[in-house]
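Participant: Please construct the entire structure, taking both the sequences and the accompanying hints into account.
Each residue of the sequence shown is one higher than the one before, starting from 23 at the first, in the working numbering.
Worth double-checking, as some hints may not be accurate.
[Unchecked claim] List of simulated lysine-lysine pairs, DSS-like, C-alpha gap at most 27 Å: (1) K89 - K72; (2) K31 - K72; (3) K64 - K94.
[Unchecked claim] Here are the simulated distance ranges between beta carbons: (4) F67 - K166: 22 to 28 Å; (5) M36 - R153: 42 to 48 Å; (6) K43 - R153: 39 to 45 Å; (7) E165 - S47: 18 to 24 Å; (8) G49 - V152: 34 to 40 Å; (9) A76 - A25: 19 to 25 Å; (10) M34 - V154: 36 to 42 Å; (11) L74 - Y158: 22 to 28 Å; (12) G61 - R153: 38 to 44 Å.
FYI, nobody ran anything at the bench for these hints, they're computed from the structure. Glycine residues also receive a C-beta, built at the ideal position from the N, C-alpha and C atoms.
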Amino acid sequence: MEAIETRLKQFMQMEDLSPAKFADSIGIQRSGISHLLAGRNKPSFDFITKMLAAYPDLNADWLLTGKGKPYKNSAQIVPSLPENDTLFNSAENSDETFYTPEVPESELFETDETNPQPSENPIFPKRSIVRVTIFYSDGTYEEK
23 MEAIETRLKQ FMQMEDLSPA KFADSIGIQR SGISHLLAGR NKPSFDFITK
73 MLAAYPDLNA DWLLTGKGKP YKNSAQIVPS LPENDTLFNS AENSDETFYT
123 PEVPESELFE TDETNPQPSE NPIFPKRSIV RVTIFYSDGT YEEK
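Facilitator: Take a look at the structure:
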């Protein structure tokens, strides 16, 4: 299995980005890219989310695991990667469907005013919400 550093290098080559331009485009320090490309550090969750936000057409599955195509848009063809390879069989082409229950947000956080206990969780009926933690942008948090 190839390392994520290799996929980062491939991505930068496909986008014609220097390490400095790449670092600037996702808002991280240039030395951070240098450490990642050298294999000294592994990409953090923050790095991955910034990269996926800056390049929304990038396929996260390919970036993290090497499976699938580099880009979500199948019309984009990367000449250096073979299209018939088994790595390019993605869930997009399969008949698999996933069920996501549609529950109104009001039902998720509804509480009885006379009883401060949280209501039953509609997604997992045998579970109930015990604690909610809210994280603020200034680094503080609040538990309810």
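Participant: A separate judgement is required for each hint: does it hold in the structure or not?
Facilitator: So, going through the hints one by one against the coordinates:
A distance of roughly 20 Å separates the Cα atoms of K89 and K72; the hinted pair therefore holds under the 27 Å criterion. For the given pair, K31 sits about 17 Å from K72 by alpha-carbon distance, which is consistent with the 27 Å threshold. Taken as a hint, the K64 and K94 pair is honoured in the structure, with Cα atoms around 24 Å apart against an allowance of 27 Å. Between F67 and K166 the C-beta distance comes to about 25 Å, which sits within the given range of 22 to 28 Å.
Take M36 and R153: their Cβ atoms lie about 44 Å apart, and the range 42 to 48 Å holds. Between K43 and R153 the C-beta distance comes to about 43 Å, which sits within the given range of 39 to 45 Å. Evaluation of the 18 to 24 Å hint for E165 and S47 yields a failure: the beta carbon distance comes to about 36 Å. Hint check: G49 to V152, Cβ distance near 36 Å, so the stated range 34 to 40 Å holds.
Checking the proposed 19 to 25 Å range against A76 and A25 shows it holds: the Cβ atoms sit about 21 Å from each other. Between M34 and V154, the C-beta spacing of about 40 Å keeps the proposed range 36 to 42 Å intact. Taking 22 to 28 Å as the suggested C-beta distance range, the pair L74 and Y158 conforms, at roughly 23 Å. The given range of 38 to 44 Å is respected by G61 and R153, whose C-beta atoms sit roughly 40 Å from each other.
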